[in-house]
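Chemist: These protein sequence lines map, in sequence, to chains U and F. Residue 122 is where the first sequence starts when you use this note's numbering, and the numbers rise one by one after that. Residue 253 is where the second sequence starts when you use this note's numbering, and the numbers rise one by one after that.
To be clear, the hints were calculated from the coordinates, so they are not data collected in a lab. Among the clues, some could well be false.
Unchecked claim - Across the chosen pairs, the derived CB separations fall in these ranges:
(1) L355/F with D580/U: 45 to 51 angstroms
(2) H399/U with L301/F: 54 to 60 angstroms
(3) G248/U with S320/F: 48 to 54 angstroms
(4) W286/F with E341/U: 54 to 60 angstroms
As the list claims (entries may be wrong) - Cross-link-like lysine-lysine pairs, in silico, DSSO-like; alpha carbons within 30 angstroms at most:
(5) K424/U with K405/U
(6) K287/F with K578/U
(7) K287/F with K558/U
(8) K557/U with K332/F
Unchecked claim - Far from chain U by the CB rule (all over 12 angstroms, computed), these chain F residues:
(9) I300
(10) V313
(11) K332
(12) P375
(13) I380
(14) I381
(15) I421
Even glycine gets a Cβ: it sits at the ideal position worked out from N, Cα and C.
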Amino acid sequence: MREINRRDFLKLASMGAGAAAITRFIPGTWLSGQSESVLPNVLIFVFDAMSARNLSLYGYHRHTTPNLERFAERAIVYHQHRSAGNFTSPGTASLLTGMYPWTHRAINQAGLVARRLQDRNIFRLFGREYHRLAYAQNVWADFILGQFKAEIDRILPPHAFSLVDSMIGARLGGSPAVYRAFDEFLFKDGTPPASLVFSLVDRVQTHRRVARTPSKDYYEGLPRVGDYPIFFKLRDVYDGLIETIEALTAPYLAYLHLWSPHDPYKPSNVFIGVFTDHWRPAIKPNHRLGTDIPNGRLIGKRKNYDELIANVDAEFGRLMDELVGKGLLQNTYIVVTSDHGELLERGVEGHITPLLYEPVTQVPLLISTLGQQKRQDVHSPTNSIQLLPSLLHAAGRTVPEWSAGEYLPGMGGEEDYERSTFAVEAKDNRAYSPLKKATVAMYKGTYKLIYYIGYEKEDAFELYDLENDYEELTDLYPARPAVLKSMQAELLEAFETANKMTTL
Amino acid sequence: LAIFSRIPRWEKIASVYAVIVLMIYGWTILWFFWKLPSWLYFLTVWEILSALSFSLATNFVESLLVLSALLLACIILPRKWFYDVFVARGCALAISSLGYMMLLANQFQLKMDYPGVWLAWTPAVLAIIVLISVIVSSVPFMRKALEALADRLTVFLFISLPLSVFAVISAAFQLLS
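Work out the full structure: start from the sequences and follow the hints.
Modeler: In structure tokens form, the structure reads like this:
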């Protein structure tokens with residue numbers, strides 16, 4: 122073997138330095154995914170209450186999401202993706218545990234995952250090799266994160282990027298019991314507070330602080346996190362996220378659950394009136410289990426909701442541009458989804474409803490995989506419970522046997538139109554008893570079967586062909602006996618099986 | 253110190269404190285029972301008791317603060333104004349001011365529903381509260397009634413004090429663990 126002389130050494134050294142310099146300036150996406158020995162990062166964005174039905178990305182009439190469309194050009198876009206729940210607690214718990222609500226049992230408002238199952242979560246499964254960060258601006262989602270506290274390296278409190286807040290629980294350690302006592306009871310808004318003296322002081326102080334906070338860019342007042350005393354500007358939240366992501370140490374798993382576009386729909390001034398069309402959605406009949414909010418009001422609310430979605434989309438675009446520009450998203454899976462949708466039709470406003478029509482169950486799902494350069498569209502039905510096993514598989518982690526979902530197409534799985542998926546609404550049941558009053562939607566192929574249990578004297582079914590009836594206006598029950606019989610039997614069997622496991 | 257001579261005897265303090273406890277703890281317990289059916293849907297008994305312990309610990313601090321305010325008034329004000337009629341005047345003040353707070357809490361359900369009218373009238377309401385307290389405790393029949401009521405309510409302290417101590421210890425343990 123020839124010995125390396127001084128000239129050879131200098132040549133090798135200069136080549137090495139040159140190679141290092143070149144790699145520094147090549148865009149991250151070009152290189153990402155090439156180094157197989159390095160664990161990939163996972164960045165999950167959850168936009169609370171973002172219905173896929175209101176996103177131009179999925180063909181909505183109003184151009185609400187130009188930036189998500191830009192993001193979609195290098196991502197897998199799931200067109201028939203549903204959340205397993207229709208409000209925050211079940212929707213979030215299903216995302217984080219990979220189980221249906223009838224299994225994890227976070228079925229009530231502000232509910233929690235069954236205590237015997239709380240070690241079944243994405244943070245534990247990614248393991249200590251990962252730096253695990255979680256932030257839920259929605260307090261109910263933060264309750265669930267609190268259950269997984271031992272498995273998360275850093276939890277940012279719901280008020281992390283707010284302008285004004287008077288949350289007590291997070292400041293006293295953030296355990297579910299502390300939250301429950303202070304923010305859900307002693308100082309709770311919406312009902313008379315259980316604390317007589319301190320709550321009054323707290324409320325007067327909060328009001329004064331909000332009144333003194335400049336909010337010129339919000340004509341309608343600062344956005345607020347539901348009934349909780351957290352006031353924020355969307356821009357500040359995204360600035361905070363950018364800083365947080367910049368500071369993450371690879372490999373990381375970051376779960377970022379953002380309140381907007383949840384109601385109250387308060388976009389910044391720039392987005393008020395961006396949709397000046399006089400477009401009106403299809404008029405749908407009110408449902409007997411829903412409410413009777415006038416259609417005119419719903420149309421107005423829909424416009425506000427669309428404006429807020431456009432605002433969220435713009436902020437997301439800004440965040441992505443900044444992070445990509447700094448080369449911070451190399452070797453990173455980026456997931457964009459929601460915990461549930463929003464219903465602004467059939468006399469119903471919001472998502473606290475027994476109804477499971479598409480606007481409340483169909484949510485966006487986009488996954489930008491390592492080094493992905495082209496858009497990939499998936500049209501087969503998928504469910505939020507599939508995200509956990511798919512991400513574990515993609516990151517090379519062990520997928521547990523108890524995981525109910527299969528891999529998502531493009532993430533290790535194949536498009537399967539015959540696979541059945543479910544969405545469950547059961548907030549009026551005890552978390553530790555068999556479900557007696559609930560709504561279950563089952564998706565198979567292009568069909569959707571909805572089962573209403575315990576609301577009326579007799580249980581009821583509705584059947585829709587989503588391919589030919591996008592707006593769910595024609596109930597096919599019982600007109601398609603062949604389809605109905607097999608779907609009905611499968612749904613009832615799944616429901617009965619789930620009802621056998623009912624301890625907290 | 254002369255200041256200690258202005259502090260009423262512990263029996264008198266206990267009587268007034270019992271009235272404060274009844275109102276502050278009573279309010280919380282009332283809403284606890286209103287909330288309980290919903291909590292029973294998804295919380296374990298231990299989790300509910302844990303939330304209750306934080307609530308009672310908070311009540312304990314609140315009640316001591318209200319009592320301290322009355323004791324401070326007793327020390328500062330001339331003897332005849334407060335010290336000599338501590339039980340009756342203290343009870344009248346506690347009942348009327350905490351009653352006003354209950355009214356405000358009912359009006360003031362959302363932090364943004366600022367009851368401007370109610371709070372704007374607070375100085376006037378406070379003046380009325382003081383006036384009522386003075387009048388009530390000056391009329392012999394009413395004064396005796398208040399003293400008798402307060403005396404009978406002291407029985408609640410045998411329940412509330414051990415419970416509060418337990419709640420404070422439990423809350424501290426939970427916060428520190």
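Chemist: Take the hints in turn and mark each one as holding or not.
Modeler: Status of the hints after comparison with the structure:
1. The given range of 45 to 51 angstroms is respected by L355/F and D580/U, whose C-beta atoms sit roughly 46 angstroms from each other.
2. A C-beta distance of roughly 57 angstroms is found between H399/U and L301/F, which places it inside the suggested range of 54 to 60 angstroms.
3. Taking the beta carbon of each, G248/U and S320/F are about 52 angstroms apart, inside 48 to 54 angstroms as hinted.
4. Separated by about 32 angstroms at the C-beta atoms, W286/F and E341/U break the suggested range of 54 to 60 angstroms.
5. Using a Cα cut-off of 30 angstroms, the hinted pair K424/U and K405/U holds, with the two alpha carbons roughly 17 angstroms apart.
6. Note on K287/F and K578/U: the hinted pairing holds, with a Cα-Cα distance of about 29 angstroms set against a maximum of 30 angstroms.
7. In summary, the hint linking K287/F to K558/U is supported, as the alpha carbons are separated by about 21 angstroms, within the 30 angstroms threshold.
8. Among the hinted pairs, K557/U with K332/F is inconsistent with the structure: their alpha-carbon atoms are about 66 angstroms apart, more than 30 angstroms.
9. A beta-carbon of chain U comes within 12 angstroms of the beta-carbon of I300/F; the shortest separation is about 8 angstroms.
10. Look at V313/F: its CB is around 8 angstroms from the nearest CB on chain U, not clear of 12 angstroms, so calling it non-interface is violated.
11. With a least CB separation of 29 angstroms from chain U, K332/F remains clear of the 12 angstroms interface cut-off, as annotated.
12. Once the 12 angstroms rule is applied to beta carbons, P375/F is consistent with being away from chain U; the minimum gap is 14 angstroms.
13. The claim that I380/F is not at the interface with chain U holds, since no C-beta of that chain comes within 12 angstroms of its own (minimum 18 angstroms).
14. Annotated as non-interface, I381/F keeps its C-beta farther than 12 angstroms from every C-beta of chain U; the closest such distance is 15 angstroms.
15. Distance to chain U confirms I421/F as a non-interface residue, since its nearest Cβ pair spans about 15 angstroms, more than 12 angstroms.
The structure fails to meet hints 4, 8, 9 and 10 from the earlier list, while all remaining hints are met.
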